[in-house]
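Spelled out from the first residue to the last, the chains are:
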Amino acid sequence: MLKVGTLTVVCATVLVAAKSCTVQFGSGDPSSPGGSTVLLGVPYFQQETEMYCVPAAIQMWAAYNGNYVSQTDIANYIGCTPNGGTLLENVAKGVMRYTNAKDAYPDYDGGIGDPSVVQANFTSRQVTSLLARTPVLSVVNNGLHAGILDGGVWHTDDSTGLYVWDLVYFSDPQVGPDTRVDPGTWMEEIQSQIISRSATVSAPSELATYGPNIVARGTAFRFKPQQN
Amino acid sequence: MRLATLILGLGLAINVPLRAAPWVLADCGAEGQTAWQVFEQSVRTAKPGSHLYVPKAYPQTDPAAIMDFLYQYRSLHRDQLETAHLPVNESLLAQGIANSTVTYQVLRVENWSPLRCGREQRRNYFILIRVFDVASGAEIARAALAPSGLYASYVTFRDAEMAEPAAAQRDRIMDPAQAMQVADAQFNVKGQSPEYVATWGTIYCPMTSPCLAFKQANDAYIVYKSALYKVNSGPLLAVGKDLGTPEINKALLESLAANERLVSLGGPIYTTAREVAHTPAH
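So the protein lines, in turn, are chains A and B.
Be aware that the first sequence starts at 0, since it is given in numbering that gives the first Met the number 0, and climbs by one per residue.
Be aware that the second sequence starts at 0, since it is given in numbering that gives the first Met the number 0, and climbs by one per residue.
For the record, the hints were derived by calculation from the structure and aren't laboratory data.
If you're wondering where the values come from, they're calculated on a predicted model, not measured in any experiment.
All residues carry an ideal CB built from backbone N, CA and C; glycine is no exception.
Wrong hints could be hidden among the right ones.
Claimed, not checked - Taking beta-carbon pairs under 7 Å as the criterion, some of the chain B residues facing chain A (in silico): (1) W35; (2) S41; (3) P86; (4) L114; (5) G117; (6) V154; (7) W199; (8) P234; (9) V238; (10) E246; (11) N248; (12) L252.
For reference, chain A alone in the conformation it holds in the complex (with noise of 0.2 Å):
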């Protein structure tokens, strides 16, 4: 459910966006048949050992923004085990070490409060970071998966007014690049995730304005706008 509400805010950013004339976010227009695109364009690296799907997913998020570093200096950096194991906080200082967010820190999909509003504002911090052209390390499938969240899409529906997340780009080190996932399947997949502090301050303010305008496929589920 989280998802809906980052869509949300992603939504109402780029008509707002386009509406002023000022900025626009994406490519497309949301009002448009094909919806509004944001598509980050992290290169893509497969893992190289069954276990460094952590140490691809930095190699990425790092050579988005310019900087080459092995899989292998990476997995040493952030203690990665044989077997694969790291806690997420030494994964945020791998972020920190190799990518330009200096503030990245782990974002977990959970803890006190409305659960459908704690996961509304972590979605919302998603796509607010995706916005600010910041990927986000995601971590899925009961934390022992990685990836980068690399964009994803959106369109208004003109029958109802609201704005409808369509999918999620999530580039998968052992799949491939860019896996098209809906909303809300995405939105069970991950738990937690690596994300930049200031690419996300504005999320819990778009999503108390937007949320309740804002739906997604392959979930009922509608945001509280209440921020946590």
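We have chain A; now place chain B onto it with these hints.
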């Protein structure tokens, strides 16, 4: 088990059941039943234009599944976007569908991942739709639909992958019975009840790249990255207690032997699987 595998051209409508006799090692509890029923009703009563609408809700045949896939894909209007604004080879898929120059193969993938018992919907299986270019035989894309017919995810293939011989591309996923014969010879086993499965864990079989699972005697096996793993009957590991975050997972992963892996069984349950040393049949 009968996984219907069928290559269809556009417009060719043959009513073939999607599946029969699947099996799973752990299933959902009843706690999500109410939410699942609400969601199913929402999908079944959704009107065209709704973000939950598909023309054949909970499709029971391959043509119905293809119809749902095409409806949703066309609703994205991907063919109206410039190639530069699309992921790699998405325009190939969009044009292939728009021009009817593709064929489809439909398979059932049993869902052993925690998505099986989702917050809103049960996803006992995924409907995997492979999309091939008619002229070259290249596999352009794969889409996984939930049992509702709604998208779960889709991928397009990269140039190097589509440059492989067409037969090799087609045989990436064989009919389960045929795949079982290959596994029998490769691992010197006599497997029964083969099916494709999607799993989470360090045996990670995505819904668009499923793995072959089968039974032999009272044991279950899974083929992963050209190796055979025997699924342990215990101990069962619960999400939230034994695993679920990198912090909890670290100790668990480090406790595994070099030939052991984690594999989800469906619902919030995982177990370990151990690689089987084998002598190929001659």
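- chain A contact restraint on L252 of chain B - CB to CB distance below 7 Å: holds, 4 Å
- Query: Taking the closest Cβ pair, is P234 of chain B under 7 Å from chain A?
  - Reply: Violated - the Cβ of P234 of chain B stays beyond 7 Å from chain A, reaching only about 17 Å at its closest.
- Message: Holds or violated: the hint that E246 of chain B contacts chain A, with Cβ atoms closer than 7 Å.
- Response: Status holds, d = 6 Å.
- Going by Cβ atoms only, is W35 of chain B closer than 7 Å to chain A? This hint is violated: W35 of chain B lies away from chain A, its Cβ roughly 11 Å from the closest one there, beyond 7 Å.
- Message: Hint L114 of chain B vs chain A: min CB-CB distance below 7 Å?
- Response: Status holds, d = 6 Å.
- Report holds or violated for the interface hint on S41 of chain B, using the least CB-CB distance to chain A and a cut-off of 7 Å. Where the cut-off is 7 Å and the nearest Cβ of chain A is about 5 Å from S41 of chain B, the hint holds.
- Message: A closest beta-carbon separation below 7 Å is what the hint needs, so does P86 of chain B meet it against chain A?
- Response: holds, 4 Å
- Query: Holds or violated: W199 of chain B as interface residue toward chain A, Cβ cutoff 7 Å?
  - Reply: holds, 4 Å
- Item | Restraint satisfaction for V238 of chain B [CB to CB of chain A, less than 7 Å] | At about 6 Å, which falls below the 7 Å cut-off, the nearest Cβ of chain A leaves the hint on V238 of chain B intact, so it holds.
- Is the hint on V154 of chain B kept, meaning its closest Cβ partner in chain A is under 7 Å away? At about 5 Å, which falls below the 7 Å cut-off, the nearest Cβ of chain A leaves the hint on V154 of chain B intact, so it holds.
- Message: Can you verify the interface hint for N248 of chain B: is its Cβ closer than 7 Å to any Cβ in chain A?
- Response: N248 of chain B check passes; min Cβ-Cβ to chain A is 5 Å, inside 7 Å.
- Per-residue hint verdict: G117 of chain B, partner chain A, C-beta under 7 Å: Interface hint status for G117 of chain B: holds (5 Å vs cutoff 7 Å).
The structure is inconsistent with the numbered hints 1, 8, although it conforms to all the rest.
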